[in-house]
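Participant: So the chains spell out like this:
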Amino acid sequence: MELLGLYNYWIVVFLMMAGFYVVIARGNLVKKIVGLNLFQTSVFILYISMGKVEGGTAPIVEKGITVYSNPLPHVLILTAIVVGVATTALGLALVVRIKEAYGTVEEDEIHRQDESL
Amino acid sequence: MIRQHLPILQVIIPLLSAPLSVLLHKRWLVWGLTVLASMCAFIISILLLQQVLARGVISYELGGWAAPWGIEYRIDVVNAFVLVIISAIGAIVPLYAARSVEREIAADRISLFYTAYLLCLAGLLGIAATGDAFNVFVFLEISSLSSYILISLGHDRRALTASYQYLVMGTIGATFILIGIGLAYMMTGTLNMMDLARRVPAVADTRTIRAALAFLTVGISLKLALFPLHLWLPNAYAYAPSTVTAFLAATATKVAIYLLLRFLFTIFGAVLSFEEMILHFVLMPLALVAVFSASIVAIFQDNLKRMLAYSSVAQIGYIILGISFVSVTGLTAGILHLFNHALMKGALFMALGCVVYRLGSVRLRDIAGLGRRMPWTFAAIVIGGLSLIGIPLTVGFISKWYLVLAALESQLWWVAVLVLVGSLLAVAYVWRVVEAAFFQPPPRHAAQYQEAPLSLLIPTWILIGANIYFGIDAERTVSIAQRAAEWLLRGPS
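Top line first, the protein sequences correspond to chains A and B.
Numbering-wise (this note's numbering), the first sequence opens with residue 1 and increments by one.
Numbering-wise (this note's numbering), the second sequence opens with residue 1 and increments by one.
Since the hints were made in silico from the structure, they are not lab data.
Where a beta carbon is used, it is the ideal one built from N, C-alpha and C, also for glycine.
Take the hints with a grain of salt, since some may be wrong.
What the hints assert, rightly or not - One side only, chain B facing chain A, incomplete, derived with CB under 8 Å:
| no. | residue |
| --- | --- |
| 1 | 60 |
| 2 | 134 |
| 3 | 141 |
| 4 | 158 |
Claimed, not checked - Which chain B residues stay away from chain A? Per the calculated CB distances, all over 12 Å, these:
| no. | residue |
| --- | --- |
| 5 | 63 |
| 6 | 181 |
| 7 | 194 |
| 8 | 300 |
| 9 | 364 |
| 10 | 420 |
| 11 | 424 |
| 12 | 434 |
| 13 | 461 |
| 14 | 465 |
| 15 | 468 |
Just need the whole structure built from these sequences, with the hints factored in.
Facilitator: Below, the structure is given as structure tokens:
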């Protein structure tokens with residue numbers, strides 16, 4: 001039962017490894033960005049689930065409530081999400097420029113073109 | 001009044017100049033602003049170093065919120081020294097950039113180049129100045145995202161793929177660092193570095209803290225291009241514009257090394273990192289493999305920028321080797337080489353930028369016989385190369401000297417021998433350039449090539465001069481590096 005009780009970590013690890021696998025195994029540059037996103041998102045979940053306090057509610061001051069979840073990890077992740085969006089935007093912008101320069105977004109095709117130079 | 005705000009002004013001046021430069025838009029205005037902002041950062045870092053050396057640690061509370069709740073900027077000997085290195089290179093590079101980017105970057109992108117440059121500088125200075133673990137991540141991403149942009153500005157289309165590759169690997173590295181910080185926060189409930197350092201020993205025996213240390217070490221090693229996580233580096237350096245290569249080679253990896261020192265020694269402490277987790281058994285072999293494999297690969301490169309990029313991987317190996325001795329002398333050698341390598345690689349890549357300016361190429365066969373046509377440029381390459389090898393009277397000698405000393409002090413005479421053999425490999429790749437430039441007949445059309453313009457040569461020779469100056473009068477840098485090493489080994493107090 002203890003293993004099941006840690007289910008949030010199982011989800012995090014599964015998503016993380018799935019994302020990591022996509023980054024490594026896929027040759028399509030857009031799919032790589034998708035994998036990278038998945039990888040980053042799993043860490044967001046790690047942070048967010050870390051802030052949960054048993055029996056605690058959302059951290060809004062209300063009468064009669066004494067236990068709150070920890071809002072700090074959420075705030076941190078808000079920043080990390082912004083960073084993630086910026087990374088994705090920049091990555092996709094690069095993919096567009098690569099497509100313009102090479103005419104393809106497949107990694108092996110790009111390698112072939114570079115080697116024939 | 002303004003004096004007490006120096007730690008934050010250091011970061012905020014380049015950070016605010018970046019959006020301002022987008023608004024100014026005119027190329028020369030933006031350039032002027034960049035020079036001004038980076039000079040300010042340099043002067044502030046010198047003032048900070050003087051203050052730290054005279055009076056000890058400076059702690060600055062951001063927005064008046066007391067640590068550990070607010071974000072604290074904490075300047076001690078170690079990061080004051082790193083700040084000086086980054087901002088010194090950061091102040092020289094814009095002077096050099098003016099002419100160099102004209103040739104290498106499309107005219108409509110030049111003002112945006114300076115914007116990205118300012119952001120990158122702000123990010124790097126921020127990483128070094130902050131005393132908050134999460135703040136490190138934010139600044140790391142600011143500097144990384146802007147360096148991806150800077151690299152993608154390269155003329156060759158391979159700059160785009162190099163930048164993309166760096167983006168993917170850099171983001172994985174940064175996410176690893178984020179996981180590490182998260183796990184440490186989970187166990188200690190704090191993000192302030194000093195507070196973390198105080199609370200980690202109580203929970204040091206948990207698997208979570210050890211996993212945090214592992215994630216942070218791997219993530220930072222990706223950023224600093226430790227073998228075998230260096231694969232992004234050669235292409236990124238080879239295809240980026242010369243100015244960008246000179247700047248990144250001299251600063252970005254150095255800041256990552258500083259971060260490694262900070263996490264291993266200050267936060268987790270030498271006891272946990274090295275006595276229990278025996279990280280030096282991992283770092284030392286990797287550092288030695290980096291020195292040898294990268295130096296050997298460098299010998300066979302045809303593109304000189306790529307050759308120096310591989311040589312950077314090897315030199316990073318020397319720095320990590322120094323750190324992995326976990327002794328005062330070893331750390332002194334590592335920190336010294338951090339400073340010295342910034343000087344030599346900055347100078348060498350700038351000199352190659354002069355070659356690109358005239359030839360548009362840095363391939364070995366294209367520079368044949370040009371040593372006499374461009375004497376100042378190639379003299380700079382020769383002196384920088386000698387420094388890379390570690391010939392006396394250059395800074396390279398000082399760092400090699402302390403490295404060998406540290407190896408002998410740790411009774412590892414075979415490591416000392418390997419360091420010397422590694423230097424011989426550097427002789428091989430530097431000699432190939434000298435041989436091509438000075439001993440091969442110049443091509444028929446050589447007469448059309450002239451010496452690079454003074455606005456490129458002067459910044460290059462400032463750095464070459466620093467290579468010689470700090471090689472002859474090493475007392476000041478050695479004493480600061482020694483104090484920094486002692487400070488790191490003593491741990492938080």
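Participant: Hints first: check each against the structure and report whether it holds.
Facilitator: Verification of the hints:
no.	hint	verdict
1	60	violated, 21 Å
2	134	holds, 6 Å
3	141	holds, 5 Å
4	158	holds, 6 Å
5	63	holds, 15 Å
6	181	violated, 9 Å
7	194	holds, 18 Å
8	300	holds, 17 Å
9	364	holds, 17 Å
10	420	holds, 37 Å
11	424	holds, 32 Å
12	434	holds, 28 Å
13	461	holds, 34 Å
14	465	holds, 37 Å
15	468	holds, 39 Å
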